[in-house]
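Colleague: First to last, the sequence lines map onto chains A and B. To convert, take the position in the first sequence, counting from 1, and add 61; that gives this note's numbering. To convert, take the position in the second sequence, counting from 1, and add 61; that gives this note's numbering.
Hints were generated in silico from the structure; no laboratory data involved. Since the model is a prediction, treat every value here as computed from it, not as a measurement. It cannot be assumed that every hint is accurate.
Given that identical chains are not distinguished, each listed pair holds provided it fits within a single copy or across any two copies.
[As the list claims (entries may be wrong)] Below, in silico cross-link-like pairs of lysine-lysine (DSSO-like), each with a Cα-Cα straight-line distance of 30 Å or less:
hint, residue 1, residue 2
1, K169, K249
2, K77, K179
3, K152, K278
4, K390, K290
5, K169, K112
6, K278, K390
7, K152, K176
8, K278, K179
9, K335, K172
10, K379, K112
11, K228, K278
12, K390, K152
13, K172, K366
14, K390, K112
15, K278, K366
16, K390, K249
17, K169, K290
18, K290, K249
19, K77, K379
20, K228, K172
2 protein chains.
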Amino acid sequence: MTHIYNFSAGPAVLPKEVLAQAAAEMLDWHGSGMSVMEMSHRGPEFISIYKAAERDLRELLAVPDNYKILFMQGGGLSQNALIPLNLLGHKPDGATIDFIHTGSWSAKSIKEAGKYAKVNTAASSETALPPQAEWRLTPGAAYLHMCTNETIGGVEYQPDFNDPRLKDVTLVADMSSHILSRQIDVSKYGVIFAGAQKNIGPAGVTIVIIRDDLLGKALPICPSAFDFKLVADNDSMYNTPPTYGIYIAGLVFQWLKQQGGVAEMERRAEAKAKLLYDALDASDFYDTRVAPANRSRMNVPFYLKDESRNEAFLAGAKARGLLQLKGHKSVGGMRASIYNAMPIEGVQALVTYLNEFAANAVK
Amino acid sequence: MTHIYNFSAGPAVLPKEVLAQAAAEMLDWHGSGMSVMEMSHRGPEFISIYKAAERDLRELLAVPDNYKILFMQGGGLSQNALIPLNLLGHKPDGATIDFIHTGSWSAKSIKEAGKYAKVNTAASSETALPPQAEWRLTPGAAYLHMCTNETIGGVEYQPDFNDPRLKDVTLVADMSSHILSRQIDVSKYGVIFAGAQKNIGPAGVTIVIIRDDLLGKALPICPSAFDFKLVADNDSMYNTPPTYGIYIAGLVFQWLKQQGGVAEMERRAEAKAKLLYDALDASDFYDTRVAPANRSRMNVPFYLKDESRNEAFLAGAKARGLLQLKGHKSVGGMRASIYNAMPIEGVQALVTYLNEFAANAVK
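Assemble the whole structure, with the sequences as input and the hints as a guide.
Modeller: This is how it looks when you write it as structure tokens:
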């Protein structure tokens, strides 16, 4: 096997232990004679897998009892439509949704929600989190949507929603790219959603965590397969769920618990991010664009000051097995995604390369 | 490993060779150092997997060049909404959709479509295909929807759309549970869709085959992630696709080609179905309810005439490793799903058991 470190923004690196277990169980899960892929979603084997995954995620994030956890299909992107389709049914015509715009993903959410309601961008910045005191909130808004970690631009919230104006606001958070990497107070949110393919498992699974009282408010035009209440009432089996992806997510949840849970992931994320940002800050050769207080610990975009060296940088990285470092095409430059499953050794290898490439270029 | 035959209606049995290859490649696909689950969907490795899957499916079904193949999320159930959301945009208010009702799945499609348009049930029967001459079609209907194999009730079309009234009608076919088991003339359809978890691969992948001229007709309320034109224009990567499921589907497509393609699957399906129906017909102990000409070759529902023996029948089957034979709760009885990956030896084992159970019960 080629030894590599995979810095992809998603689908992304998974724990080797999880992949090894999945390989070992592929043809025969626990003596059943079946692959998990072959199991009826209604059978006792898969039901046990599903229940364990749900229970472990609930434990990892300390999800209160009055929240449902849904395992859906469609990806984070689909939620940009499915959230308004599911939350606006109880509002009279003319509902407004507030948004905080912090980068590409919140921008997409704003555009899509505009199909279903009036939208108000309450604050906007792609390089720093707009101060909460400056958010121009709409009285009576249906909800306030934020992307708490912008995968492309690299702006991350340090959650602190003590603004008294937010006391009665329903917060909807897209946590796709940093869920399970920091402790959160779920009770401050109405809905949390996340595509799995960063910190949870394979692409094709979407997690929705929703407070009970927000169920049953779908617009009549919401497709039944994506109606949160129908999904919740049927334990995510209103339609056939993405069974194998849920199984892999469940193995990741077990791995997280074995590693020490979200508190330990948070500690590691801070250590990994500090190592990388310190190296970037210490060099005149590289540049970052996000305000230090709002730098993502998961997705680290950076730029070579001399961008003519970009191709040489990427080729040298690839030769060392440091893969997928090219930045998103919409912003250019480089990006290192360092999710839970990225060991600190991978970040150390990247830092070593950053320093050597800079030193060699200066010669 | 327990030796079993898995008669689940879906998720369902997969070829052992496919599972073995997936296990062997789990931690390192082709020397890349990555699992397929860890690959960026934009990277050259996954793009090559995607293109091969698309090409092989196109070859297997002889899909003409003026049709796009989409790999989506959401399951067949979601298409009950996504088809009208994608096809009605060019119709003035008051569009009507015609349906042929042949069982549970077409019934669900009719109900869901009613959210978006007027619906007309042009013909209805759950035990036989209504004769085409008796279909009460709506002049100027947006399209005609049919479920060409009812997974629960077991009614299957023998495609023959030579009715001259259908010449200018856009046919939409839900082929979820018999796609790739018979040769079809794709050019007779406007849209073909199928959830993967019967004859294609794992749950969480949905195939849509759509004629070019039907793209770009979405209603404004159609979620972008499920807009067929956006999906088609972005090679199924408008949002992150279910990459691992597509990889498994691709392995199944390769297996199908190695086995002799769809013509060979059709031959095997006929042989397997004949073996099973002949045994049921020859016994006074069992009953079937679908007209012989419309019996599904994939999903074989049957009943013990003495239903008090149902539990004993299922327990005895399980003891022999014949799993998942219980019928759908909405219709009761038994059901044997015998998809492409079910070897004839599994059907032979079932027939042996059917005869022995009947003989022992009569004693």
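Colleague: The structure should be examined with respect to each hint, and the outcome stated for every one.
Modeller: For each hint, the structure was consulted:
Taking the shortest Cα distances, K169 and K249 sit within 30 Å of each other inside one copy (24 Å), while across copies they are farther apart (37 Å). When the C-alpha separation of K77 and K179 is checked against a cutoff of 30 Å, the pair qualifies neither within a copy, at 45 Å, nor between copies, at 52 Å. With identical chains, the CA atoms of K152 and K278 are at most 30 Å apart both within one copy (9 Å) and between copies (29 Å). Proximity of K390 and K290 under a CA criterion of 30 Å is satisfied inter-copy only: 22 Å between copies versus 37 Å inside one chain copy.
In this homomeric assembly, K169 and K112 come within 30 Å of each other (Cα to Cα) only across copies, at 27 Å, whereas the closest approach inside a single copy is 33 Å. Only between protomers do K278 and K390 lie at most 30 Å apart by alpha-carbon distance; the minimum there is 29 Å, versus 38 Å within a single protomer. Taking the closest pair of Cα atoms, K152 and K176 come within 30 Å of each other both inside a single copy (15 Å) and across two copies (19 Å). Taking the closest pair of Cα atoms, K278 and K179 come within 30 Å of each other both inside a single copy (17 Å) and across two copies (24 Å).
Proximity of K335 and K172 under a CA criterion of 30 Å is satisfied in neither setting, with 34 Å inside one chain copy and 55 Å between copies. In this assembly of identical chains, the alpha carbons of K379 and K112 lie at most 30 Å apart only when taken from different copies (24 Å versus 40 Å within one copy). For the identical chains of this complex, K228 and K278 are intra-copy neighbours only, at 21 Å inside a copy versus 43 Å across copies, given an alpha-carbon limit of 30 Å. In this assembly of identical chains, K390 and K152 lie within 30 Å of each other by CA distance neither inside one copy nor across copies; the values are 38 Å within and 37 Å between.
For a Cα distance limit of 30 Å, the shortest separation of K172 from K366 qualifies neither inside one copy, at 33 Å, nor across copies, at 59 Å. Only between protomers do K390 and K112 lie at most 30 Å apart by alpha-carbon distance; the minimum there is 22 Å, versus 39 Å within a single protomer. Taking the shortest alpha-carbon separations for K278 and K366, neither the intra-copy value of 50 Å nor the inter-copy value of 46 Å comes in at or below 30 Å. Proximity of K390 and K249 under a CA criterion of 30 Å is satisfied in neither setting, with 34 Å inside one chain copy and 40 Å between copies.
In the homo-oligomer, the alpha carbons of K169 and K290 lie at most 30 Å apart both inside one protomer (25 Å) and across protomers (18 Å), since each shortest distance falls under that limit. In the homo-oligomer, the alpha carbons of K290 and K249 lie at most 30 Å apart inside one protomer (21 Å), although the nearest pairing across protomers, at 38 Å, exceeds that limit. Taking the shortest alpha-carbon separations for K77 and K379, only the intra-copy value of 20 Å comes in at or below 30 Å, while the best inter-copy value is 35 Å. Proximity of K228 and K172 under a CA criterion of 30 Å is satisfied intra-copy only: 26 Å inside one chain copy versus 40 Å between copies.
In this structure, the earlier hints numbered 2, 9, 12, 13, 15 and 16 are contradicted, and the remaining ones agree with it.
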